[in-house]
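As a plain string of letters, each chain reads:
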Amino acid sequence: MISATLLGQSVLSGLFSGCLYALLGLGLTLSWRYLRIINLAHFALIFLAAYIAYWMNSAYGFHPLLTCLAMIPAFFALGVAQQLLFIRFKVGEFASVIVTFGLTIIVESLIQWIWSADFVRMETHLARGSLEIGKLLAPWDELFMCAVAISVCVATWACLNFTWLGKALRASLDNPDIAASFGVPNRALALLVSGAAASFAAIGGVFVALLYTLTPSSIYSWFGVVLATVLLGGLGSPLGAIAAGLLIGVGEAMTMAVVAPSWAPIAPFTLLILILVLWPERI
Amino acid sequence: MASGIGDRAGVTRRESLALASGLALTASGLGAARAQTSGAPVRVGGTLALTGPLAQTGAIHKVVGEIFIAQANKAGGMMGRPIEWVLLDDQSKPDLARTLYERLITVDKVDLLMGPYATANILSAIAVAQRFNKVLVHHTFGIPKLANYDKHFPAWPLGAEPEKTMPAAVYDALASAGKAPKTVAIVTSKFPSVQFIAAGAREVAKQRGITEALYLEFEFGNRDFGPIAARVREANADLLFMGAIGLEASQLLEALDKLNYQPKNHYYVYPTPGPLAASPLGANALAATAYEDLAPLNSSPTAQEFSKLFHAAATSAKLPYAEPDTQAGTSYAAWQMLTQAVNATKSLDDDAIAKYLKTNGADTIVGKYSFGGSNNYGPDLMKVKQVQGGAWNIVWPKETATPGKAIVAK
Chain A
0 MISATLLGQS
10 VLSGLFSGCL
20 YALLGLGLTL
30 SWRYLRIINL
40 AHFALIFLAA
50 YIAYWMNSAY
60 GFHPLLTCLA
70 MIPAFFALGV
80 AQQLLFIRFK
90 VGEFASVIVT
100 FGLTIIVESL
110 IQWIWSADFV
120 RMETHLARGS
130 LEIGKLLAPW
140 DELFMCAVAI
150 SVCVATWACL
160 NFTWLGKALR
170 ASLDNPDIAA
180 SFGVPNRALA
190 LLVSGAAASF
200 AAIGGVFVAL
210 LYTLTPSSIY
220 SWFGVVLATV
230 LLGGLGSPLG
240 AIAAGLLIGV
250 GEAMTMAVVA
260 PSWAPIAPFT
270 LLILILVLWP
280 ERI
Chain B
0 MASGIGDRAG
10 VTRRESLALA
20 SGLALTASGL
30 GAARAQTSGA
40 PVRVGGTLAL
50 TGPLAQTGAI
60 HKVVGEIFIA
70 QANKAGGMMG
80 RPIEWVLLDD
90 QSKPDLARTL
100 YERLITVDKV
110 DLLMGPYATA
120 NILSAIAVAQ
130 RFNKVLVHHT
140 FGIPKLANYD
150 KHFPAWPLGA
160 EPEKTMPAAV
170 YDALASAGKA
180 PKTVAIVTSK
190 FPSVQFIAAG
200 AREVAKQRGI
210 TEALYLEFEF
220 GNRDFGPIAA
230 RVREANADLL
240 FMGAIGLEAS
250 QLLEALDKLN
260 YQPKNHYYVY
270 PTPGPLAASP
280 LGANALAATA
290 YEDLAPLNSS
300 PTAQEFSKLF
310 HAAATSAKLP
320 YAEPDTQAGT
330 SYAAWQMLTQ
340 AVNATKSLDD
350 DAIAKYLKTN
360 GADTIVGKYS
370 FGGSNNYGPD
380 LMKVKQVQGG
390 AWNIVWPKET
400 ATPGKAIVAK
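Residue numbers (numbering that gives the first Met the number 0), protein chains in the order written: chain A, 0 to 282; chain B, 0 to 409.
Same shape as in the complex, but just chain A (with noise of 0.2 Å):
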């Protein structure tokens, strides 16, 4: 017999994971919808963000919430670099795939170059313990994450439906030359775009550091997942990530307390090819 309790803190697990999910697919899903570039690099954007944020805390004892303020400027020309080089070369949708994994064995081989293959992990204390509702445990650090994965994809909805910002967008998405025509600046705003995403990568991945032991072939752990959460939430759609994110992160965590751990993995999939079959317009 499975207890309240237990169900309770799966479905609180599943929330945490859910929003961490939103939070690294958001500017995979904001590329991919915009600029037509399925960015895998993204991920390891991810992980050398959390590596930057694990070697500036343990070696010089940086707080991690200011090395994350610091590294968003610094991912924004990244990424816009990024995208100056994909627009030199033409890189299109498809051919992006192939480019960017290659990124990200590059980016790979570097962070095993200058940090090791070793796991490292970093030690801070910020928000530890747990805030007890009854029976059940949230802990801080994993509230903390949901507040700003949930604040980033809301922010980032409402940019991109109540700004002009959104408005030019969605004009250069739908037909780049009338838009331009009307003013609308498409390079700048690929680059903006770019950008943006690169940024989400970095607050993502402080938080990856703050909450997991990082190796750097643990960059492909996350591919499956968040893929999922980014195609089931609708490409370009920052509440469709939460929403998608929340319902795997969940389903993962009851498929573990219910069913199995070892059953956890098909629950993303299962939903997808569910949304697929279902409702194929989705994608």
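Rather than coming from a laboratory, the hints here were simulated on the basis of the structure.
Take these hints with a grain of salt, some might be off.
[Stated by the list, open to error] Coverage of chain B stretches by chain A, computed from C-beta distances (three or more under 8 Å per stretch; other residues unrestricted):
id : region
1  : 39-52
2  : 220-233
[As the list claims (entries may be wrong)] A few chain A residues that face chain B, going by a derived Cβ cut-off under 10 Å, partial list only:
id : residue
3  : L11
4  : E131
5  : A137
6  : S180
7  : T214
8  : W221
Just so it is clear, the structure is predicted and the values come from calculations on it, not from any experiment.
Note that the Cβ used here is the ideal one computed from N, Cα and C, for glycine as well.
Since chain A is already given, all that's left is putting chain B on it; use the hints.
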């Protein structure tokens, strides 16, 4: 010296390693016994997981191999000839390991083979070695019953039935402190070399009348340990026995800590030792070991010198945990085995080397190996270690325990 496409060690690191090795040899008085090597090098081919998910442990074996070869080449190499390590990167992939071992034999035409890291990759290499009738000494094979080639020689000293002996050692160790577990929660990764140990722990528990409060399997690479931790907390067993490899032990402990739960007694099969020892959550954690830089295991001059060199080289290679443990010790033992056999037989003939090892075994820093048992496995040399005061100590069997240390049980 390592060479080949998989070798990512820079000249600087090799030079610093040679310097460190030379300094240590001089300091320990072995410099006087230095013998010149001459002639064509003896080429020993092998792969390691230098990239991919097993790279963090592959890096340890690379460091150890470089240490051993630097030392050996100062002490006469193999038959007076220098040793050259042709090292390739198998990217943690068994299929690639198989291809690379074929290449080492047929294209690179190496004289001898040294095994790769990790059970699946070793199994691939054994198949190739068998096809070409080559001796394969290897350091980390985890499932003895699968290795039935008569010229494979394991340095991971599990004995023939670790699925029985390893759990029994844990239950015995706790019982010796008057805390024989009445209930056990068994949680295991599906990584093959720990999953079968966990399955064995179920059987041994049943035989001893220990109630199984929980049995869970999870995929290797699992990230979210929250729901697993919730189930472990709910089971609240006397002993948490985890078929853990790598970081899984630390990940589960962190998830348990977030639920304000600490297991009463906890054992992990092959955890990454550094994070567990460094974290307060690892207090009293138990694990398997074959070698530590602790008395009585490090009492020989060879072991002391190796430990000193490993500290320096691991630090230079930026490994966060620079203590030599089971991985490093058995890796060194594998090189000792091969070198002893070649020097004793004065031959690179695989049949002669295999016959020597079967007859004489090998003396290593891990202990005396013999290969007369089932599938060339000899006595079980594994021990139980425990985190006490932020460091690992050997606590079982009593005769090999770190002096002054005994198991802490609740």
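Q) Should the interface hint for A/W221 be scored as holding, given a Cβ-Cβ cut-off of 10 Å against chain B? A) This interface hint holds because 8 Å falls under the 10 Å limit.
Q) At a threshold of 10 Å, is the proposed contact between A/S180 and chain B supported by beta-carbon distances? A) violated (48 Å)
Q.
Restraint: A/E131 near chain B, CB-CB cut 10 Å. Satisfied or not?
A. It holds, given that the least Cβ distance between A/E131 and chain B is near 8 Å, below 10 Å.
Q: May I ask you to test the interface hint for A/A137 with respect to chain B, counting a Cβ-Cβ separation under 10 Å as satisfied?
A: holds (9 Å)
Q: Classify the hint on A/T214 as holds or violated, based on whether any CB of chain B lies nearer than 10 Å to its CB.
A: holds (6 Å)
Q. Given A/L11 as an interface hint, is the shortest Cβ-Cβ distance to chain B below 10 Å?
A. Interface hint status for A/L11: holds (8 Å vs cutoff 10 Å).
(Q) Cut-off 8 Å, C-beta pairs, minimum 3 residues; does the coverage of the region 39-52 of chain B by chain A stand? (A) That given contact holds, which follows from 4 residues of the region 39-52 of chain B lying within Cβ reach (below 8 Å) of chain A.
Q. Are there at least three residues in the region 220-233 of chain B whose beta carbon sits under 8 Å from a beta carbon of chain A?
A. holds (count 10)
The structure does not agree with numbered hint 6 stated previously, though it agrees with all others.
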